[in-house]
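Below, each chain spelled out in residue letters.
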Amino acid sequence: MMSASKASRLGEEIWKTRIDKVNSELVVLTYGTIVAQLCKDFDSDYVEVNKQLDKMGYNIGLRLIEDYLAKSNTMRRCANFRETAEMIAKVGFKIFLNITPTITNWTSDSKQFSLVFDENPLADFVELPDDGRAQDELWFSNILCGVLRGALEMVQMQVEAHFISDVLRGNDTTEMRISLIRYIDDELPPEDD
Amino acid sequence: MSHVPTGKPTGKEPAGLRYPTNGKTIYHRPLNRSKTAELSQSSFAYLFSEMVTYAQRRVTGIQELEKRLNNQGHPIGLKLLDLLLIREPARSQTRPLNIISLLQFIKMSLWQHLFGRQADRLEKSSNPDTPDEYMIIDNEPLVNAYISVPREMSQLNCAAYVAGIVEGVCDGAAFPARVTAHSVGGNEDGEMWPGKTVFLLKFQPEVLEREALIASKV
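One line per chain: the protein sequences are L and G, in this order.
Position one of the first sequence corresponds to residue 1 (the numbering used here), numbered consecutively onward.
Position one of the second sequence corresponds to residue 1 (the numbering used here), numbered consecutively onward.
If you're looking for bench data, these hints aren't it; they were derived computationally from the structure.
Ideal placement from N, C-alpha and C gives every residue a C-beta, glycine not left out.
There's no promise every hint is true.
[Said to hold, decoys possible] Just some of the chain G residues that point at chain L, by a computed CB distance under 7 Å:
#  : residue
1  : L17
2  : R18
3  : P20
4  : N22
5  : S34
6  : A37
7  : L39
8  : S40
9  : S42
10 : Y46
11 : L47
12 : E50
13 : M51
14 : Y146
15 : V149
16 : V198
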């Protein structure tokens, strides 16, 4: 099993040597314009905006996993969900967003944990609309939940992910909760009769 | 700024936004913190491709799609104009006052900031009928790096998003213009820059009028 510090070194190493980079503000402003457009199209129905962001993230996750596997060059499966969490936080988030969220609040069955984001580049320059609802309903960075769901599904893990707090809502932390629903069995092709 | 939110509800204010008590708000965040920060290019490509796919589902034609991408870039241009100027050293902090300095600003500062290099060329329309047209040429737009346009949509250039950003800068600087992106690379083998894109800026008549007026007084 890969130790936490080893995962961390691996993430750093890949970020430094194997990642083509662009100015972060180009990415951040582009994400901002996507969310703004959704809010406009769905008439500030933030529940629907959350859903759309999650869907977009899911589509990204389905493709991003290959990129992740190729760059991280870890052809080995994670031994357990705890190792998966380490790899998500220290390698995945590092190489795509150059951040390393903190893993915490494990349940005793090791099936649920939280990622706490000290930094969240997606939310740079962001303040939610002061309409009395956005701070209660919109999860601005919800796309990340979809990305995790999509990416993990491609490696046989069905997970559920959602934010439970966000500094943009006035909370003191930004925290995402991730739960393992089940490992997906490799599906056998239907039998020929 | 007279009122920096502290996160403590004073009771006097009505609803308003809530802020974290630890000061993690955009008002406390140094404006230049992410000036040179980097993210992965794939992250941009994923987001941009979702943005285009989503936009495509809500339009009926290529023109409408480009218009939509343009609209999404526009507010970014408006804000980047101020952001980039405020980051300049004091002596070069002036806003562009004529078309040439505006184009230079776009070609150098804006491109450098967003794409890590300057745009390749500036041109003025040589057609005497369109003195209001200028061109910014990018041989290889970064936003199109991972986009292959299907044959039946060959008119489409997703750099319309960048055209929108440029348009926002022009409008914000009080040089109202229409900006569109056009592929001019051609498909022949051996083409050096198949993705070559021309951003065509068509300024409003009043911009040229003002320009002429200023020129006549100097």
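*Could you work out which earlier hints the structure fails to respect and list their numbers in ascending sequence?*
14, 15 and 16
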